[in-house]
Structure formats: structure tokens, C-alpha cells
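Trainee: Letter by letter, the chains look like this.
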Amino acid sequence: MNRLLLNKIILTLSTISALVGIGFLFWILITLTYKGVSSIQLSTFTNDLVEGGIRNLLVGQFTMALLATVVAVPIGVMAGIYLREYGGEKRMTMVIRNLSDIMTSAPSIVIGVFVFAFLVEPFGTFNGWAGSVALAIMMLPIIIGTTDNMLALVPKELREAGIALGGSKHKIVLQIVLKAAKVGVTTGILLSFARIIGETAPLLFTSANNQFFTMDMSGQFPSLTVSIYNLATYPDEASRELAWAASFILTAIVLFINLVGRYVTRNKH
Amino acid sequence: MGGRLFKDFSLVAATLSLFLLVGIFAILFSYAQTSMHEFGFDFLVIDQWEADEDDEGGVFGGFIPIIGTLLSTLIAMVIATPLAMGIAIFLTEIAHDKIIKPFSIAIELLAAIPSIIYGMWGLFYFAPIVQSVFGGNGVGLLTAGIVLAIMIIPFMAAITRDSMNTAPDVLKESAYAMGATKFEVIKDVVMPYSKGGIIGSVILALGRALGETMAVAFLIGSVMSIPDKITDPTTSIPVLLANNFAEAQDLELSSMYYLALILFIVSFALITVAKLYFIGKKK
Numbered sequence: 001m002n003r004l005l006l007n008k009i010i011l012t013l014s015t016i017s018a019l020v021g022i023g024f025l026f027w028i029l030i031t032l033t034y035k036g037v038s039s040i041q042l043s044t045f046t047n048d049l050v051e052g053g054i055r056n057l058l059v060g061q062f063t064m065a066l067l068a069t070v071v072a073v074p075i076g077v078m079a080g081i082y083l084r085e086y087g088g089e090k091r092m093t094m095v096i097r098n099l100s101d102i103m104t105s106a107p108s109i110v111i112g113v114f115v116f117a118f119l120v121e122p123f124g125t126f127n128g129w130a131g132s133v134a135l136a137i138m139m140l141p142i143i144i145g146t147t148d149n150m151l152a153l154v155p156k157e158l159r160e161a162g163i164a165l166g167g168s169k170h171k172i173v174l175q176i177v178l179k180a181a182k183v184g185v186t187t188g189i190l191l192s193f194a195r196i197i198g199e200t201a202p203l204l205f206t207s208a209n210n211q212f213f214t215m216d217m218s219g220q221f222p223s224l225t226v227s228i229y230n231l232a233t234y235p236d237e238a239s240r241e242l243a244w245a246a247s248f249i250l251t252a253i254v255l256f257i258n259l260v261g262r263y264v265t266r267n268k269h
Numbered sequence: 001m002g003g004r005l006f007k008d009f010s011l012v013a014a015t016l017s018l019f020l021l022v023g024i025f026a027i028l029f030s031y032a033q034t035s036m037h038e039f040g041f042d043f044l045v046i047d048q049w050e051a052d053e054d055d056e057g058g059v060f061g062g063f064i065p066i067i068g069t070l071l072s073t074l075i076a077m078v079i080a081t082p083l084a085m086g087i088a089i090f091l092t093e094i095a096h097d098k099i100i101k102p103f104s105i106a107i108e109l110l111a112a113i114p115s116i117i118y119g120m121w122g123l124f125y126f127a128p129i130v131q132s133v134f135g136g137n138g139v140g141l142l143t144a145g146i147v148l149a150i151m152i153i154p155f156m157a158a159i160t161r162d163s164m165n166t167a168p169d170v171l172k173e174s175a176y177a178m179g180a181t182k183f184e185v186i187k188d189v190v191m192p193y194s195k196g197g198i199i200g201s202v203i204l205a206l207g208r209a210l211g212e213t214m215a216v217a218f219l220i221g222s223v224m225s226i227p228d229k230i231t232d233p234t235t236s237i238p239v240l241l242a243n244n245f246a247e248a249q250d251l252e253l254s255s256m257y258y259l260a261l262i263l264f265i266v267s268f269a270l271i272t273v274a275k276l277y278f279i280g281k282k283k
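Line by line, the protein sequences give chains A and B.
Using our numbering, the first residue of the first sequence is number 1, and each one after it goes up by one.
Using our numbering, the first residue of the second sequence is number 1, and each one after it goes up by one.
In short, the hints are calculated from the structure, not lab data.
Don't be surprised by glycine CBs; every beta carbon is placed ideally from N, CA and C.
Mixed in with the good hints there might be a few duds.
Just so you have them, the derived chain B footprint on chain A, three or more residues with Cβ under 8 angstroms [stated by the list, open to error]:
1) 111-121
2) 136-146
Simulated pairs of lysine-lysine, DSBU-like, Cα-Cα distance not exceeding 35 angstroms [to be verified]:
3) 169/A / 179/A
4) 195/B / 8/A
5) 98/B / 7/B
6) 172/B / 182/B
7) 98/B / 179/A
8) 7/B / 169/A
9) 101/B / 7/B
10) 7/B / 182/A
11) 90/A / 179/A
12) 90/A / 182/A
13) 7/B / 8/A
14) 8/A / 182/B
15) 8/A / 187/B
16) 172/B / 187/B
17) 179/A / 101/B
18) 171/A / 182/A
19) 98/B / 182/A
20) 90/A / 169/A
21) 182/B / 98/B
22) 182/A / 101/B
23) 195/B / 90/A
24) 7/B / 90/A
25) 179/A / 7/B
26) 229/B / 101/B
27) 156/A / 7/B
28) 8/A / 98/B
Next up, chain A with everything else stripped away, as it sits in the complex (with noise of 0.2 angstroms):
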């Protein structure tokens, strides 16, 4: 064939697959945005599930998730800071810094199992705590990941500036790796707090979902995602509406600190 005419054939295909990918994406936020708007009220936002509206589940799910954060931010931070500040070449490190790594793509519905096993089935029920962990056991691996990049972007000089000025090796790291890389972490939490805020798979069985406003966690525990999913099911018109509404919602939100996450680092990279 025509070596010129096959060029034109493979370029043309791949812009075409460019536009087939951006196509989809505005297909969905403009179904997502149409849908959501026309079913949104106020009363979405003022009721709970039980009468109509999602404000116990924007609760639920965001407590879920932001204690998830609370947990998962430290102890990833710390062994972010272990693998890059402490570990060196040893083995063990580049073992648990690729182990870290796979467990990024473990599919989330066996972690949803794994944790039934342990904070479910003993205690007889669904509960907010099983819930959230499930949640910190996704977000880990993230931030252990993201810590351990961004430290690796400072600057070995920074580091010989703090032994020259006689501080010890945890001030160093603490004060001055930590805080040059802080922007760069930041967005690393942003970015999976962004991914398990959308979660629903760990959720189906750990925190199962609750109609009512609730803030115990030592029961089933309400969740929009898990919400969505049943609500779509549904034959009736009205909880359609209320899958939709709630489908904006959780994309506008995702969407909006994924943005942030970015504008944050704009002018990092």
C-alpha cells in the first residue's frame, strides 16, 4: 500500500479515537447534568432517604470517608516517609514499595470481602466502622505511593543543608523533606480522597447503607453510593429521579477536588 495514504489512514483513525474518547466524556456529563439538575430540589438536600432526599447519605458518606482519611493520611505519610527517608536500597523496601504498588489495583470488592471477615461476621451486623476501614485499606497504598514519589522529587542538597546544620535526621525529614514536598502530598490526599468518596463496592457489605440519619457507626451506616446503586433498581419514577440527583451530586463532587488536586499542583510540574 501506499506508504503516504497509509500515514493519512492511521493518523486520521487516531485523532478519531481522540474524539471517540472526549465524545464519551461529554456525553455522560451532559446526560449526568441534565438528568441531575431537572431532579434536584431543595427537599433533596433537606430529607433524609427515608423521605425522599440524600442528606443523611452526604453525611454518611462523607464522615466514612474523612475518617477513613484520618487514619489512612498518617500511617501512609509515615511509611512513604520509611521507604524514602529510612529504608534504602535494602530489600525489604523495594518488597514493600511494589507490594504497596499492586495493592493500588486490588479490585475493591475483595477488599470489601477481606473486611466482612474480620469487622462484620463476628459482630453480627453492618457497621459504619467496617465501612470506613474498608475505605482506609483502599486509600493507603495511594498515599504511600504519592508520599514516596514526592519525597523522591526533593532535592538531595536540601537534605545535606539539614545535616550541616546539625539536625537530626527526623527534623530534617520532618522540616524540611516533608514541607518542600508538602504541595505534592497534599494532592496525593485530595487525589484518593477523590477516588474513595466514589466508592461503592467496598461499601455493599461492610457499612451496607441505612435510610435514616444516623451517626453510629456500631450500625448499618447510610452511604450514597451504595444508595445509588439500589435506588436505580427500583421501578418507580421517584427513586430514579433521586439515583440521578444523587449521581450529579457524587460526580460534581469527585470532579470539582480533582480539579482542585490539579490547580493546586499547576504550577509544580
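Use these hints to put chain B onto chain A, whose structure you have.
Mentor: This is chain B only, laid out in the frame that chain A set:
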């Protein structure tokens, strides 16, 4: 003193993630024991999932959900791979500098949309289209596969783009100087150079598609039967877990753990191969 404590704590935090992984294996494995003793490796080929009438025991085999998982993933890969390659080529070799940035952000936003949203949208907007074009009743293997493809395209495209970007300009320029067309440069310079990253991205996307739950749960039909046609409804491992895990008891529950273990081992193996052998060890 404080320094020692700080170091020790960071070591504990780092090893915790190791324990988590071992813990997941150990728990899945021990809870799957009942089913493993009952069915052994035949579990993989038994095409029944039925409890006895007295609710004690029954025959539970993983064949149908395993086949459903493999087929829906296969459809997704066949559709997603060429499109993702096209997008990566567009972003690295074709697009004007001004377009690259917003376009990349758009693709990454597509990857950030929660999977349950893909499921909802797929069920109400995409399934009817599949139904009118291919027949069937809307939900089934094909619909699940296509929406799964849309989900993994941005992910695959992003990694492929990154590895294509590592091909040195000097090499590309010398090929152009020899009179090569853009496609020849991509095929003979960029592709060989970034082969590892591209294969790695495909395997990673494969791992992600195998374990995807929510989008598929809306779209595959959740029926325990072997599909005859591509539009037939069936089920997959994550979907079976999502819908039936909470109500299962005894042998059935143990069989669910067995399925979860299989899924975990397969995706773990795929991701390990992709990350360690193709995308390259992290420094």
C-alpha cells in the same frame, strides 16, 4: 530518643501494608477452606450454583462467573486497546501543543468518574442503543464489555502516552530526516522504544477490568447462565459477590470466598507481571 521513635513508627507503618496484603490472602484462603475441601479444583469447571432445598449445602461452581468475567473483559480489551493506542498517538504525535493540556485533563477526568456513574449511564442511555443495534434485551455481555471499555480507555491511554513520551526526540528526528512518515516513526521508533510500557498498560487495564464491579453489576444482567450469544445476560465474579455475598451462608458463603480468592490471585499476578516486568521497577 524522639528520632528513634519516629523511625520505628515509620517502619511499623511501612510493614503494615505488607501485613494487609498477607492478611487478605490468609483470610480469603481460610474462609474458602470448606468450599475447597468440597469441590477442590473442580470448582473451576462446575457450571452450577444451586443451594439444596434445606439450605444446607448444595453445588457451587465458579465456571459461569469465571467465564462471564473473562468474556466481558475480552470484549472490553478488544474495543479499548486500539482506541487507547489511538488516543496516546494523538496526544504524543499529532495534537497541537495548545490542545494537549486540556485534552489530557479531559481524559483524566473521564478516569476519575466513579464506576457506579458509568453503570447508571450505561443502563439508562447505552443499553437501549445496544439493544436496538444488536438485539437482545439491552443488558448482557456486550453492553457490559463496551462500557467497561469506555472505563479503561483513559487509564490505558494515560500510561501508554507516558511511555511513548519517553522516546527521545533525537531518534524521531533522525527517522524524519531519512524521509520516514509520521506513522513509520511511530511504528519503527516510538513503539519499539516504549513497547514495555505499552504492554504493561494493557495488562494493567486487563487487571482493572477483571475486578471492576459496579459498572458491570448494572449491565451484565446478573443471571447465572452461560451466554450463547454475545448479547446474552450472564454474571461475573465481582457482580456475583456484590449481589449475593451478604445473604450467603455456610458452603455458599465459603464458595464466595473461594471466588474472591481466585479473583485476587489472578489480578495480583497480572498487576505484578505488568508492573515489575513491563513498566519497570521503581527506583
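Trainee: Indicate, hint by hint, whether the structure satisfies it.
Mentor: How the hints compare with the structure:
| no. | hint | in the structure |
| --- | --- | --- |
| 1 | 111-121 | holds (count 7) |
| 2 | 136-146 | holds (count 4) |
| 3 | 169/A / 179/A | 14 angstroms, holds |
| 4 | 195/B / 8/A | 23 angstroms, holds |
| 5 | 98/B / 7/B | 46 angstroms, violated |
| 6 | 172/B / 182/B | 9 angstroms, holds |
| 7 | 98/B / 179/A | 33 angstroms, holds |
| 8 | 7/B / 169/A | 9 angstroms, holds |
| 9 | 101/B / 7/B | 40 angstroms, violated |
| 10 | 7/B / 182/A | 20 angstroms, holds |
| 11 | 90/A / 179/A | 25 angstroms, holds |
| 12 | 90/A / 182/A | 26 angstroms, holds |
| 13 | 7/B / 8/A | 58 angstroms, violated |
| 14 | 8/A / 182/B | 9 angstroms, holds |
| 15 | 8/A / 187/B | 14 angstroms, holds |
| 16 | 172/B / 187/B | 11 angstroms, holds |
| 17 | 179/A / 101/B | 28 angstroms, holds |
| 18 | 171/A / 182/A | 15 angstroms, holds |
| 19 | 98/B / 182/A | 29 angstroms, holds |
| 20 | 90/A / 169/A | 18 angstroms, holds |
| 21 | 182/B / 98/B | 20 angstroms, holds |
| 22 | 182/A / 101/B | 24 angstroms, holds |
| 23 | 195/B / 90/A | 29 angstroms, holds |
| 24 | 7/B / 90/A | 15 angstroms, holds |
| 25 | 179/A / 7/B | 18 angstroms, holds |
| 26 | 229/B / 101/B | 42 angstroms, violated |
| 27 | 156/A / 7/B | 19 angstroms, holds |
| 28 | 8/A / 98/B | 22 angstroms, holds |
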